[in-house]
Each structure stands twice: as C-alpha cells, then as structure tokens.
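J.: Going down the list, the protein sequences come from chains A and B.
Numbered by our numbering, the letters in the first sequence go through residues 1 to 278 in order.
Numbered by our numbering, the letters in the second sequence go through residues 1001 to 1376 in order.
Don't take every hint at face value.
As the list claims (entries may be wrong) - Derived lysine-lysine pairs resembling DSS-like cross-links, with alpha carbons at most 27 Å apart: (1) Lys181(A) / Lys223(A); (2) Lys269(A) / Lys177(A); (3) Lys7(A) / Lys1003(B); (4) Lys11(A) / Lys1181(B); (5) Lys1234(B) / Lys190(A); (6) Lys11(A) / Lys1226(B); (7) Lys184(A) / Lys1226(B).
Just so you know, the hints here were simulated from the structure itself, not pulled from any lab data.
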Amino acid sequence: MNPLAEKYLRKEFLPFLFCPGCGDGMIVQAFLKAVDDLGCIDDLAMTAGIGCSAWIGVYMNVDILKILHGRAIPAAIGLKATRPSRKVVTFTGDGDCLAIGGNHLLHAARRNIDITVVMVNNQIYAMTGGQVAPSTMLGSKTQTTPYGNIEKQLDGCRVAIAAGATMVSRWSTAHLKPLIKAFKTAINHKGFSYLEIISQCPVQTGRYLLGSGSPEFNLQWIKEHCVKEEDPSQWEEIEAQGKIPVGDFLRTERPEFMEEVQRMNRRVKEEQARGGDR
Amino acid sequence: MKKGRIKVMMGNEACGEAALLAGCRFYGGYPITPATEILEFMSRRLPLVDGLCLQMEDEIAALVAVVGASWGGTKAMTATSGPGFCLMQEAIGMAVAVEAPCVIINVMRGGPASGQSTSTAQGDFYQARYGSNGDYSLIVLCPSTAQEMFDHTIKAFNLSERFRIPVIILSDEVVGHIREKVFLPDADQLTLVERKAPTVPREEFIPFQPDTDGVPFMPAFNTGYKCPVISQAKSQSGNRGNAREAAENIRRIVSKIEDHMDEFAEVQVYGDEKAETAFVTFGSVCRAARSAVDMGRENGLALRSVEVKTVWPFPDDLVRRALAGAGRVVVAEMNLGMMQREIERVVRRPEIRIELFSKIGGLYPQPQEFLRFLEE
C-alpha cells in the first residue's frame, strides 16, 4: 500500500467507490501529500456535500461532516466559527458548488472566511449518470441535453474572484506538482481560498462528451486542453480555442472574517465595560 | 423558590435570553417576520459572550451552519417562520441523521407560501413533524406565553443535548410578539444538560454505536476522534451501511426518543378536570381557551382546557388521561383541523363527540367565541 494511504486512509472504508480511472483517487493522493508535508492532519476539519468528489474526504482519517447536496460550505462556516484554529477544507464538485450550492460559494467568498473550497470539476453530473452541469461545455450531448447543451458555462474561478475570494487557483489531475503546492498554499492561506481541479471522468464525460472511456485518453485530453495562463485578460482567447486556463490566478490579503469577529467582540466588550449602552 | 428577576419582555426576546443562559454560542439566521426579533436579539447579545450570530444567505445555510457549529462542539440555534421553515426541512432531516443537537424556533405565521407575514396561524403542526423525507422522529414544544418561550427554550436545548436531535419550538406570531412578565432565573438556578463525550480511547471508539439509552457518544471535531459523519444510511462505524444496518439505524434514531417520552412529554389541564366539555389546544390558543374556561365558570358552566405542550411525538397517553370522562371534545386550533386528527386517532370512542373550532386567515379566537361555539 502507498505509504500515504497506509498513514492517512480509513482502511476499513476501502475500497473507494470511485470508478476505475476516476481522477478522485489522484486528488486524494495529492491532497494527502500536501497534508503530510504540512503535518496538519490533526487540525483538519472537512465538510462535503453530495457527488463523487464529496466522498474524497470520507476515506481520510479526519473529522468530516458529509451532508446535503450543495450545503458543504455553510457547514464549513459553522465549524470555522466555533473554533477558528481549525483548518477547514471542503471538497465539492461542479454541480454541488456551482449549481445547487452556488449561493453559498458567493457569500463565503464575500466574507473572506478562512476556509478552503476544493472544487473538483469533471464537467458533468457523474454520480447520477451523466447529466448537464453548469460547467459542461457548450454543445455537449449529455443525458439531459440530448440535442446538445445550449447553455453557457459558468466559470467558478471568475465567480470566486468577483465574489471576493482572496486565493483562487485552477489546476488539473495532469498538474499534480503545482496542485500539491496549491493545496498547501490554500490550507495555509488566511482567508477564503478556492481551488478548482479539472479532473477526468472517463465513465461519463469521457464516454459521452469526449468520445472515449479510456482513462489514458481522458488524462491526455486534460493535458492538451489545460493551458497555463495566469493573466485573466488572456483567458477569453484561450477559451475561444476550446482550452481551459490553469494556474495560480489570485492571491491577495483582506481582513479575514473570524479575525474580524474576534476584533469586534473585543471592541464591543471593552465599550460595554466602559459603560456603553450595551 | 428560584432566584432571579422579573422583566417585561417580548416572547421572542425571552427565547433569546433563554438560549444565552442555556449556553447557545452560535446562531445562524435569516430575517423573516415574525421571528426576526430573535435574530436581532442574538446579533446584539452573542458578541458580549464571545459567541457569533451570523445572518446567512438563506435559511438553508442558516440551519446547515448550525449543524456545523454543533459538530464543532457548540450549542447552536436558528429561528424562522413558515417559508423559511420550508427551506430548512431537508436540513432538519440531515440534523436528525447526523445526530447533531440543535434548536430550531418556528414562529408560525399564515400560509401557504408567503401567506400572512404579520398574522398568527398554526398551520405548520404537521410540517414540524413530517416535513423532511424518510422515517424519523423529533421533539416539538409549543409555548403559549412569553414565559414558556423562555422555559421551552431551556428545555429544548436540554432535550437536544440529551437525545442528540434537533428540537423544534413551534411558537406563533401571538406568542412571539406578546409582551408580558417573564421570570428570568439566575444562571446558577438552571439545570443544563450537555451531550456525552466519549471517554474510550480513539482506537476503541465506534462513532454511531449507541449507549444503553440509544444515544451514541459525541466527540466534537478536532478532539482526536476523527469522526466520519455522513448523512447517508450508515453503519455504526459511520460508513455507508447495508440494508440491515440502515434499518437498525433508522429504528434506533426513532426509538431513542419515543422510548423515553416520559422524560419530556407534557400535557396540562386548566379548569375543571372532571368537566363534561373539554377544549384541546396548543400554543397561543391555550390563552383564549383559559379565558373561556374562566368565563364559563362565572356563568356556572364547567369546562376544562387540555393544553398539549409537547405536540410531537404526540403524547397519546397523557392526552387520553387528560380527556378521561369528557363527553364532548372541542379541538381549538388556528388551522383546518390538524391536531383534531391526532385527537380522533387517540380518542376512539363513538360516544365521544370530537368537534373542531377552527380560526384561520390570521384571526385569533376570542374567548367569547369558544362559548358561542359550545352553544351552537
């Protein structure tokens, strides 16, 4: 067994429910490598919703709350709010995060609360059998767009940036080294971090959208289509060629929510001690 | 006699005071009439005790954040009204499934849908019990005074910690907004219940293995137990369960409550306990019924009012006992006969007439109307 698996997985929960060739196993490994390097396993508190990627954390030996479809982010906020020293990480998928849970992404980013949202983007609703997602490419034929997808894609990175996230990256399962680095940066980043991972789903996306269920083909597709470009002004041109920009897009500082809460509580109590009206 | 102080306050504020005294340190909310005062109260007061009141982006997020806070090791609460309560239903089932102690206040208003935001109603009687999917159970308390808003909130926190469940307070606009005297006991006069934390070493800890009372031990996150908590049907280990394990778990989360109803079920009788005619009421309607009983007594008419304080699980035995000897039973409620169904189920005697005195559309029943109903 892989030494990281030996050290960090709940062996009694194995085997994974992931399909053969799924990117989620690679993501588990990359994440555990980052956690191992940081030595932060005991500080982790994880949340997840529903979907394939929501199971990623369940196999790890961590405290994890895996709840309703789309609602992993508010649960993460509840955990962070009750003990800010926790390192709260949420694994979510493109449907979970951008469709049913989109509202929560906006408001967590706006608050700049120190949680890490890892969005595993396989461009489809995979667990339910291959329906269109907000991340599905225009024109794609899925089980619910049998005549081709006529809806524009929603870009989670642009949304996170616009909503006020202070760290935004997108990498892929074909970029494991920068991905591990981005995991580490995100976990240690003081504020809301959004890390998107373009990942392969040979069983749904591969077979029905890209034309092959072979894991090698799908990983190769990702390699060919993900182009490193960290300057947002260049994104439209890349996307016009059917490619996906990846890289570390944003890292900035803004007051973190729980620090602001603690500052406010101190101030209010001092005012009260001085005889304020509350 | 307990030590404390008396204050005139709104029912919703009494609820907030009680939550603070019960140890609530996280509140997730969303503004909605007629429950908003609880959110406003908590946003003023929680910072003073190092707590956090978060106005979330919707009621779904509010309750989910409360469940997160609960597993984070904190007592947590939310409050809402009908439309928000609808949004919370999925998360109520989730809180049941992940066995997260928390308190949910529903200050009922008129429905369906947006209904009547500023008027009272009792149309969420069944939703409070059956609103989420699947088989489950929970406890629902119905206050009728500002004092009971206080007392029931303390009780709700204690029961939620005792059974590891969401406890719902089904209040209504009248009780939420009424201003009246409330006795606030000093903190040291209260008996508070806390969830049981595991004491075994981590290697021996089985996350959803019940104690003898059916309730598993609950470690807060980041205390070393590394708990897998999923809302799927699960085995005691916390992993996805097979059919047998799923069935066992469902039976346990129901029986851990319903086998212990003697610990919390409450039915009061006001007036003449032997009166031929009995009203059955819950929530704010208890108030008008009491006045009707008093007015009846003045006119030489013996009446009793059976007040159901814990409406779910429905206290069949206590209600049967409270109605013993009554020949005419009038269920008075602000809906089209929801509790009436429960009474018909509980009192299956052909010689007993069960009638419905119903007020809807935001009108609160007047005491005289009870007496007029009896005459008609």
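J.: Evaluate each hint against the coordinates.
T.: Consistency of the hints with the structure:
In summary, the hint linking Lys181(A) to Lys223(A) is supported, as the alpha carbons are separated by about 18 Å, within the 27 Å threshold. Simply put, Lys269(A) and Lys177(A) have alpha-carbon atoms about 47 Å apart, too far for the 27 Å limit, and the pair is violated. Taking the CA atoms of Lys7(A) and Lys1003(B), the gap is near 55 Å; set against the 27 Å cutoff, the hint is violated. Distance hint between Lys11(A) and Lys1181(B) is unfulfilled; the C-alpha atoms sit about 59 Å from each other, more than 27 Å.
Taken as a hint, the Lys1234(B) and Lys190(A) pair is broken in the structure, with Cα atoms around 35 Å apart against an allowance of 27 Å. For a cut-off of 27 Å, the pair hint linking Lys11(A) to Lys1226(B) stands: about 14 Å separates their Cα positions. In summary, the hint linking Lys184(A) to Lys1226(B) is supported, as the alpha carbons are separated by about 21 Å, within the 27 Å threshold.
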